[in-house]
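All chains, full assembly: derive it from the sequences and hints.
These are the residues of each chain, in order.
Protein chains: 2
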Amino acid sequence: MPDVELPFTRQEYKSRLTAVRTEMAARGIEVLFTCDPSNMAWLTGYDGWSFYVHQGVIIGPTGDPVYWGRAMDAVGASKTCYMAMDDIIGYPDNYVMSTERHAMEHLSHTMNDRGWGHLTLGVELENYYYSAKAHAVLTNAHGGKFVDATALINWQRAVKSETELTYMNRAARIVEKMHARVFEIFEPGKRKNEVAAEIYRTGIWGAEDSDGIFGGDYAAICPLLPTGEEAAAAHLTWNDKPIPNNSGTFFELAGCYKRYHVPLSRTIWLGEPPKDITHAEQVVLEGIDAGINAAVAGNTTGDVARAFYAVLNKYGVERDGRCGYPIGLSYPPDWGERTYSIRPEDDTVLEPNMTFHFMPALWMPDWGLEITETLRICATGAAQPLADVPRKLFVKK
Amino acid sequence: MPDVELPFTRQEYKSRLTAVRTEMAARGIEVLFTCDPSNMAWLTGYDGWSFYVHQGVIIGPTGDPVYWGRAMDAVGASKTCYMAMDDIIGYPDNYVMSTERHAMEHLSHTMNDRGWGHLTLGVELENYYYSAKAHAVLTNAHGGKFVDATALINWQRAVKSETELTYMNRAARIVEKMHARVFEIFEPGKRKNEVAAEIYRTGIWGAEDSDGIFGGDYAAICPLLPTGEEAAAAHLTWNDKPIPNNSGTFFELAGCYKRYHVPLSRTIWLGEPPKDITHAEQVVLEGIDAGINAAVAGNTTGDVARAFYAVLNKYGVERDGRCGYPIGLSYPPDWGERTYSIRPEDDTVLEPNMTFHFMPALWMPDWGLEITETLRICATGAAQPLADVPRKLFVKK
Numbered sequence: 001m002p003d004v005e006l007p008f009t010r011q012e013y014k015s016r017l018t019a020v021r022t023e024m025a026a027r028g029i030e031v032l033f034t035c036d037p038s039n040m041a042w043l044t045g046y047d048g049w050s051f052y053v054h055q056g057v058i059i060g061p062t063g064d065p066v067y068w069g070r071a072m073d074a075v076g077a078s079k080t081c082y083m084a085m086d087d088i089i090g091y092p093d094n095y096v097m098s099t100e101r102h103a104m105e106h107l108s109h110t111m112n113d114r115g116w117g118h119l120t121l122g123v124e125l126e127n128y129y130y131s132a133k134a135h136a137v138l139t140n141a142h143g144g145k146f147v148d149a150t151a152l153i154n155w156q157r158a159v160k161s162e163t164e165l166t167y168m169n170r171a172a173r174i175v176e177k178m179h180a181r182v183f184e185i186f187e188p189g190k191r192k193n194e195v196a197a198e199i200y201r202t203g204i205w206g207a208e209d210s211d212g213i214f215g216g217d218y219a220a221i222c223p224l225l226p227t228g229e230e231a232a233a234a235h236l237t238w239n240d241k242p243i244p245n246n247s248g249t250f251f252e253l254a255g256c257y258k259r260y261h262v263p264l265s266r267t268i269w270l271g272e273p274p275k276d277i278t279h280a281e282q283v284v285l286e287g288i289d290a291g292i293n294a295a296v297a298g299n300t301t302g303d304v305a306r307a308f309y310a311v312l313n314k315y316g317v318e319r320d321g322r323c324g325y326p327i328g329l330s331y332p333p334d335w336g337e338r339t340y341s342i343r344p345e346d347d348t349v350l351e352p353n354m355t356f357h358f359m360p361a362l363w364m365p366d367w368g369l370e371i372t373e374t375l376r377i378c379a380t381g382a383a384q385p386l387a388d389v390p391r392k393l394f395v396k397k
Numbered sequence: 001m002p003d004v005e006l007p008f009t010r011q012e013y014k015s016r017l018t019a020v021r022t023e024m025a026a027r028g029i030e031v032l033f034t035c036d037p038s039n040m041a042w043l044t045g046y047d048g049w050s051f052y053v054h055q056g057v058i059i060g061p062t063g064d065p066v067y068w069g070r071a072m073d074a075v076g077a078s079k080t081c082y083m084a085m086d087d088i089i090g091y092p093d094n095y096v097m098s099t100e101r102h103a104m105e106h107l108s109h110t111m112n113d114r115g116w117g118h119l120t121l122g123v124e125l126e127n128y129y130y131s132a133k134a135h136a137v138l139t140n141a142h143g144g145k146f147v148d149a150t151a152l153i154n155w156q157r158a159v160k161s162e163t164e165l166t167y168m169n170r171a172a173r174i175v176e177k178m179h180a181r182v183f184e185i186f187e188p189g190k191r192k193n194e195v196a197a198e199i200y201r202t203g204i205w206g207a208e209d210s211d212g213i214f215g216g217d218y219a220a221i222c223p224l225l226p227t228g229e230e231a232a233a234a235h236l237t238w239n240d241k242p243i244p245n246n247s248g249t250f251f252e253l254a255g256c257y258k259r260y261h262v263p264l265s266r267t268i269w270l271g272e273p274p275k276d277i278t279h280a281e282q283v284v285l286e287g288i289d290a291g292i293n294a295a296v297a298g299n300t301t302g303d304v305a306r307a308f309y310a311v312l313n314k315y316g317v318e319r320d321g322r323c324g325y326p327i328g329l330s331y332p333p334d335w336g337e338r339t340y341s342i343r344p345e346d347d348t349v350l351e352p353n354m355t356f357h358f359m360p361a362l363w364m365p366d367w368g369l370e371i372t373e374t375l376r377i378c379a380t381g382a383a384q385p386l387a388d389v390p391r392k393l394f395v396k397k
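Keeping their order, the protein sequence lines are chains B and U. Position 340, counted from 1, in the first sequence is what our numbering calls 340; the numbers after and before it change by one each time, with no gaps. Position 218, counted from 1, in the second sequence is what our numbering calls 218; the numbers after and before it change by one each time, with no gaps.
Do not rely on the hints blindly, as some may be mistaken.
Straight-line alpha carbon distances no greater than 30 angstroms define the calculated DSS-like cross-link-like pairs of lysine-lysine that follow [claimed, not checked]:
| id | chain 1 | residue 1 | chain 2 | residue 2 |
| --- | --- | --- | --- | --- |
| 1 | U | K177 | U | K241 |
| 2 | U | K79 | B | K397 |
| 3 | U | K190 | B | K396 |
| 4 | U | K79 | B | K392 |
| 5 | U | K241 | U | K397 |
| 6 | B | K314 | B | K275 |
| 7 | U | K79 | B | K190 |
| 8 | B | K241 | U | K397 |
| 9 | U | K145 | B | K145 |
| 10 | U | K79 | B | K79 |
| 11 | U | K145 | B | K14 |
Covered stretches of chain U, going by a simulated chain B footprint (3 or more residues, C-beta under 8 angstroms) [stated by the list, open to error]:
| id | region |
| --- | --- |
| 12 | 44-52 |
| 13 | 94-102 |
| 14 | 317-329 |
Rather than coming from a laboratory, the hints here were simulated on the basis of the structure. Every residue gets a Cβ at the ideal spot worked out from N, C-alpha and C, and that includes glycine.
Here is the structure:
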C-alpha cells in the first residue's frame with residue numbers, strides 16, 4: 001500500500017466504497033464514472049486544483065477505485081490517494097485542449113483495458129465537469145448502456161462521520177475567527193478589497209482547538225460582501241471603493257478545513273440602522289429559531305422551510321425559494337452538496353449528523369440581510385449550530 | 001440606458017458584439033448561447049459568483065445581448081451589465097437543483113418569446129458550465145438546429161484592447177508584489193498555509209501605478225505552492241505543515257484586476273540548491289529567452305514551443321506537452337482562455353497584443369522548477385513580459 005497521508009482511515013474509504021456499490025447495484029449500474037471533484041476526494045483522497053481538465057474516478061464491479069486524469073495530475077494522485085499505482089492512470093498531454101482528440105476516448109480505452117467496455121455505465125449528466133461534448137464522445141466510444149448517476153455519490157455523503165464532523169468543527173472555529181476579524185476592521189472609508197484581503201488571510205491562517213493549531217483551506221466560493229443596493233443581489237463580489245457610512249453589508253463566508261466547509265453569514269450596519277432593517281432582523285431571528293427547532297431527526301427538509309416561512313408569513317414578509325442546502329466536502333464552484341434543498345416542497349427525511357447551511361437571507365429591492373447558520377442534525381432535539389457567532393445584526397456607529 | 005459603472009466603454013462592448021456576430025454568420029449560427037462566465041463578462045460586463053447555477057448570455061440575430069440566469073442573479077446583472085432591463089431575464093428559484101424541472105426549459109421559453117425558437121443555435125458543447133444534461137434538455141426543447149460553438153467567443157478575446165492591457169498591467173503590478181512578499185516571508189519552519197494566507201492578502205490588497213492605488217480580485221485558480229516531491233505534481237495545494245529546509249517550492253500565482261489575470265511562477269530554494277536544480281535553472285532560462293525571442297508577430301505558437309524545446313533537447317532535458325496558453329479575463333476553474341496552446345503542433349499565428357502565459361515548467365520525479373512569464377506580443381520584435389520579477393531561481397540560505 002502506498003505511503004500516503006490520508007485525511008481518513010482506509011476503513012472509512014472502504015465503507016464509502018461499499019455504500020456507493022450498494023447504490024450502484026440498486027440502480028443496475030456496473031461501472032460508475034464520477035468527475036465531481038468532491039466525490040473523487042471523498043472516495044479516494046484525491047486533492048488538487050486539476051478539475052479544469054477532464055479527470056475522474058472509475059468504480060468498477062470489483063477492486064479499488066481507479067483515478068484517471070492528466071498525466072501530470074496522476075502524479076498528484078499518487079501523493080494523495082490510497083490506491084496502488086496500478087489504479088492511477090494518466091493520459092498524455094496531447095489530449096488537453098485538443099480539437100483532434102478527446103480525453104473521453106482515453107477513458108474509454110482505460111475501461112476497455114479492464115474488461116469494462118460493455119458494462120452498464122453510470123455518469124453524472126448534471127455536473128460542472130461533465131460537459132455535453134464529453135458525454136457525446138463517451139457515448140460514441142463506450143460499448144455498454146448509460147445510466148444517469150447524477151448525485152448518486154453526493155447522496156452517500158449526506159450523513160457525516162465522526163472525523164468529518166471533527167473537520168467541520170475546525171472549519172467552524174475558522175469561520176468564527178473570520179467574522180470576529182471582519183467586525184474589528186470594517187469601517188467607513190476603508191477600501192472594500194482590503195476587507196476581502198483580511199478575510200482570506202484570517203481564513204487560511206486558521207484557528208486552534210484543544211488539539212492545537214490548524215490551517216485553513218481555500219473555500220469553494222469566494223467571500224461575498226456586497227454593500228447597500230448591491231446587497232440586494234446575492235452573488236456580487238467586492239470592488240476597491242471606500243465603504244460608505246450608513247449602509248448595510250452582508251458577509252457570506254465559509255471556514256474551510258481539509259476541504260470541509262462551514263459557511264455562515266452575518267450583516268454589519270455602519271451607523272444607525274433604519275427601522276425596516278431592525279424589523280427584518282427580528283423576523284429573521286424568529287424564523288431561524290423556528291427553523292432550528294423544526295430541524296429534528298425524523299422531520300423533513302420541508303418541515304424546516306415551512307417553519308421558517310410561517311414566521312415570515314406572520315409578519316407579512318415576502319420571500320420564496322430555497323433557504324438552505326447540504327454542506328461538507330467541496331470544490332469550486334459551489335460549496336453545496338447538490339442533493340436536497342431546504343424548501344417547502346422538498347421532503348427529504350433528516351437524519352442525525354446531516355449538516356446543512358440554513359440560509360434564510362432576505363434580499364429586498366434596496367438592501368440585503370443575511371443571518372445564517374450551518375446546522376448539524378442531532379440524535380434528539382433541535383439542530384446544533386456548528387459555529388458560535390452572535391446571532392444578530394451587527395451595528396457599528 | 002441603465003446607470004451602471006462598466007469596466008469598458010459601451011463602444012468596446014459594441015465592437016465585441018460585432019466581432020461575435022461576424023463569426024456567427026461565418027458559421028451559420030443565428031442565435032448563440034454562451035454560459036462561459038468569461039465570455040458572459042466580456043460581452044456584457046456581468047460579474048458575479050453565480051456560475052454554479054445555470055446561466056448564460058443569448059446573442060440573437062439583432063439587438064443587445066440578453067442576460068439569462070437565476071432571478072436573484074438577474075438582480076446582480078442589472079447592477080453590472082450595460083443592457084436595459086428588457087434584456088435581463090431571471091428564472092424562478094424552483095428551477096434550481098430541481099429534479100422535476102430544468103433551467104434549460106426556461107431558456108428555451110425565453111428564446112421562443114423572442115421568436116428565436118426555430119433558429120440555428122450555437123452552444124458551447126465543451127464548457128464547464130454546459131452539462132450533458134443541460135444539452136439534452138435544450139436539444140429536446142429547442143426547435144432549430146444546433147451548431148457546436150465551443151470557443152467561438154474565446155477566440156475573439158485573443159487580441160487585447162488598450163483598456164484590457166491597462167488592466168493586465170495592473171494585474172502585473174499585483175503579481176510583482178505577491179512574489180516580493182513571498183520571498184520576504186518564506187522560511188523553514190513556517191506553516192505553509194501562513195504563506196498562502198499572506199499571498200491572498202497581498203494579491204487582494206492590490207498595488208499602485210501612476211494613476212494611484214487599486215485593489216486586486218480573486219484569481220481563477222488558487223495559489224499553488226508545492227514543496228519538494230510534491231512539486232513534482234503540478235496542481236497540489238497547500239497544507240498546514242512546517243516548511244522544510246533544503247527544499248524547493250514553486251509559487252504559481254496570478255495577480256488579478258477586474259478579472260484580468262497575469263500569472264507568473266517563481267521557485268524558491270531554501271538552503272544550498274543541488275547542482276541538478278541550478279543546471280535546470282540555466283536550461284530553463286535559456287529556453288525562456290529562446291521562446292520569448294520567437295514570440296514575434298507573424299510567427300506561430302508552434303515556433304515559440306519549438307524554440308523552447310530546441311534548448312531543452314540541446315541539454316538532453318526531457319519534457320513534452322503544452323508550455324503555455326492564452327490569458328486574460330477569467331473565472332474559476334481556469335485562468336486560461338482555452339483556445340490555442342503553446343506547443344509544437346499548434347500553428348496559431350501570433351498577432352500584436354495577444355497575451356499568453358509562457359509556462360516552461362519542469363516537473364521531475366522528485367522536484368519541480370517553475371520559472372514562467374506572461375507575455376504580450378509586440379508590433380515588432382520579441383514579446384514583452386508584462387511583469388518585472390527577477391527571472392531566476394530564488395535562493396534563501
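Hint check:
1. K177/U / K241/U: Holds. K177/U to K241/U sits at ~25 angstroms (cutoff 30 angstroms).
2. K79/U / K397/B: holds, 28 angstroms
3. K190/U / K396/B: violated, 35 angstroms
4. K79/U / K392/B: Holds, at about 28 angstroms.
5. K241/U / K397/U: Measuring from Cα to Cα gives roughly 20 angstroms; hence the hint holds.
6. K314/B / K275/B: Given that 30 angstroms is the threshold and the Cα spacing comes to 18 angstroms, the pair holds.
7. K79/U / K190/B: Holds - the C-alpha atoms of K190/B and K79/U are around 22 angstroms apart, at most 30 angstroms.
8. K241/B / K397/U: violated, 41 angstroms
9. K145/U / K145/B: holds, 26 angstroms
10. K79/U / K79/B: violated, 44 angstroms
11. K145/U / K14/B: Roughly 47 angstroms separates the two Cα atoms, so the pair is violated.
12. 44-52: holds (count 6)
13. 94-102: Held - the region 94-102 of chain U has 3 residues with a Cβ nearer than 8 angstroms to chain B, which meets the minimum of three.
14. 317-329: holds (count 4)
Checked against the numbered hints listed earlier, the structure breaks hints 3, 8, 10 and 11; every other hint is satisfied.
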